[in-house]
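Residue numbers (my numbering), protein chains in the order written: chain A, 1 to 468; chain B, 1 to 126.
Treat the hints with caution; some may be incorrect.
As the list claims (entries may be wrong) - Here are the simulated lysine to aspartate or glutamate pairs, EDC-like style, with alpha carbons at most 16 Å apart: (1) B:Lys74 / B:Glu44; (2) B:Lys56 / B:Asp84; (3) A:Lys292 / A:Asp456; (4) B:Lys42 / B:Asp84; (5) B:Lys56 / B:Asp71; (6) B:Lys74 / B:Glu53; (7) B:Lys67 / A:Glu130; (8) B:Lys34 / A:Asp360; (9) B:Lys42 / B:Glu78; (10) B:Lys3 / A:Asp360; (11) B:Lys3 / B:Glu116; (12) B:Lys121 / B:Asp111; (13) B:Lys3 / B:Glu120; (14) A:Lys464 / B:Glu116; (15) A:Lys464 / B:Glu120; (16) B:Lys67 / A:Glu195; (17) B:Lys46 / B:Glu78; (18) B:Lys56 / A:Asp360; (19) B:Lys56 / B:Glu66; (20) B:Lys56 / A:Glu200; (21) B:Lys121 / A:Asp456; (22) B:Lys46 / B:Asp84; (23) B:Lys74 / B:Asp111; (24) A:Lys192 / B:Glu66; (25) A:Lys464 / B:Asp48; (26) B:Lys34 / B:Asp48.
These are computed hints drawn from the structure, not numbers from a lab.
Since this is a predicted model, take the numbers as computed values, not measurements.
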Amino acid sequence: MATAAETSPSTVQKISLLRVLGPAHVWALGVGIVLVGEFTGWNFSADKGGALAALIVCWLVGLLYTSVAMIDSEVTSTVAAAGGQYAQAKHIVGPLMAFNVALYLVFAYTMLEVSDAILAGDLITQVATENGAVGLNHNPFLVLSIVVLAWLNYRGILMTLNINFIITALAYASIVILFFSVQPWSQGVVLKLGEMVTPENALPYGWIGVVAAFQFGIWYYLGIEGTTQAAEEVRSPARSLPYGTMSGMITLLIAAALTWYVAASLLPWQHLGVTFFPLYDAAVATGSPILKFLMFWGTVLSALASANGCINDAGRAWFSLGRDRYLPTWFSAVHPKYRTPYRSILFLMPIALAFAFISDLNQAITFSILSGLLQYTFMSINIIMFRNKWPLGSIRRGYTHPFHPLPAVVLLVLCVVTYFAVFLGFGAQLTAMVIFYIIVSLWFHFYRYQYVRRGDQFTMPWPKPRGY
Amino acid sequence: MAKYTPPEQSKAMQFVDIAFLLIAIFAALWLPLKAGYVGVSKVEEKIDNPTWESLKQTPGQVAQWEKLGYDPAKAYGEIQNRYDYTISWGNLGLMIVVIGGYFVFLFRASDKEYREVIAEKFGDGK
Chain A
1 MATAAETSPS TVQKISLLRV LGPAHVWALG VGIVLVGEFT GWNFSADKGG
51 ALAALIVCWL VGLLYTSVAM IDSEVTSTVA AAGGQYAQAK HIVGPLMAFN
101 VALYLVFAYT MLEVSDAILA GDLITQVATE NGAVGLNHNP FLVLSIVVLA
151 WLNYRGILMT LNINFIITAL AYASIVILFF SVQPWSQGVV LKLGEMVTPE
201 NALPYGWIGV VAAFQFGIWY YLGIEGTTQA AEEVRSPARS LPYGTMSGMI
251 TLLIAAALTW YVAASLLPWQ HLGVTFFPLY DAAVATGSPI LKFLMFWGTV
301 LSALASANGC INDAGRAWFS LGRDRYLPTW FSAVHPKYRT PYRSILFLMP
351 IALAFAFISD LNQAITFSIL SGLLQYTFMS INIIMFRNKW PLGSIRRGYT
401 HPFHPLPAVV LLVLCVVTYF AVFLGFGAQL TAMVIFYIIV SLWFHFYRYQ
451 YVRRGDQFTM PWPKPRGY
Chain B
1 MAKYTPPEQS KAMQFVDIAF LLIAIFAALW LPLKAGYVGV SKVEEKIDNP
51 TWESLKQTPG QVAQWEKLGY DPAKAYGEIQ NRYDYTISWG NLGLMIVVIG
101 GYFVFLFRAS DKEYREVIAE KFGDGK
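Produce the entire structure from the sequences given, and follow the hints as far as they go.
Rendered as structure tokens:
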């Protein structure tokens, strides 16, 4: 088996990832990963701060992710390599940061994949039980979804993302159909926003609840930055990545607003805050069997699309670590026929399965959010370093985002607010996770880095960075 | 700068590295679950024999609860369990120190490694 980092270029031809993707695939990858956030997860922000807090953070966290998408589009359209933010960190900050960023990606996506599998398994089990099934367990559904999707990813990225495009579009259509079916223009007929969200219960914890709600507000959009993982497999990174990412962000902002409006108008905020299936429950509250059927499939398809994209992204981040010798080079193998990072995909599969069995939905979601948050903190600093080391005009950029450094500052401020939000309820978990990153960082810096080829870490055809 | 040639790593040591990372990953994700650090325990505001009125639900809200298949006893747990946002300043300080220390170390150590990368890639030239 050819292993990219083990073979000598002079003796064996390198097997690389295939450049077969266009902007629609980038959209499908980003929206596919994230759309499940409308079907579950975002609503826990209502639990932390009330229904109005969930809406406020929908907008403010939307601002955070718009900053993420703008920054990411510029850097990734310029650093077009598998691993996305990992490759960015390697070229702009340094190897240790790159190692950490890759772990953020792997953790965020693997735990998101776990959340997706749990969501699909739980909903299928619940609906089957409601329809008379007895003694049903969600475990077989967890295994089936994770294993089948890993196999799909093993077989090739083009088929994987073509399927993702279709099921993501179907899941998105289910939200739009639900929205128009409940006559959103006629409050009081089906929707009862004025009765569900009142001045007395809109912010039950006051403004501290709004801050606390930031934690799960992240879930509205978590994963849109995953579009960059496909950088090495798109035909035209400079065009496809900004188009795919920004159109994906617009798609999600619309979906988030529709979702909040329908769910908050149909469900009491206390139930909205704790249910695992807010849109499915909203359909139940309409009393329409057709909408119930539709939202069942919308939820399941969104979960599968998200898990599918997560396996794709986590596998590529892990593959990149092996290729650069940050991890054993065994992981850097590319399948000779399917041209996929198959060892990395297979290695991460049992880890996802293990956590699907031992954690529940909001725990898995919290793990994913924490890793995402660390990554966004990095991105806000990364873009400032990028512009300082290579000012505009010094290198060719595929896309230049406007208003710099405003998006970076907004992103950093919102990250700090979100750290505090996580502290309000999940502080011990955040501290434990950061201690993990400190330990593995020490391991990398003082031990593993000896195996890294220094000059090979910089592969872009750029001039020497300013200040070095 | 002279080109750095890394040592070859034996297959056994590659396996040890993979095992270390696996253990670290499971420790980071599983131990907080096992130790009960995950999630937050809410405070229950107790009401005996709950009714929709005592749970402060309006007629419109009651109608939606009932469409979802809830009665006051079943809805009680969802309505009466609430977060406690009393701030522990000691824990907040610890979290700030840990996160701040982590990022400071990360950027400083990365910069040291990055200088080696740039020196080997570009030498002293422009």
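Going back to the hint list, which numbers does this structure go against?
-> 2, 3, 10, 18, 23, 25, 26
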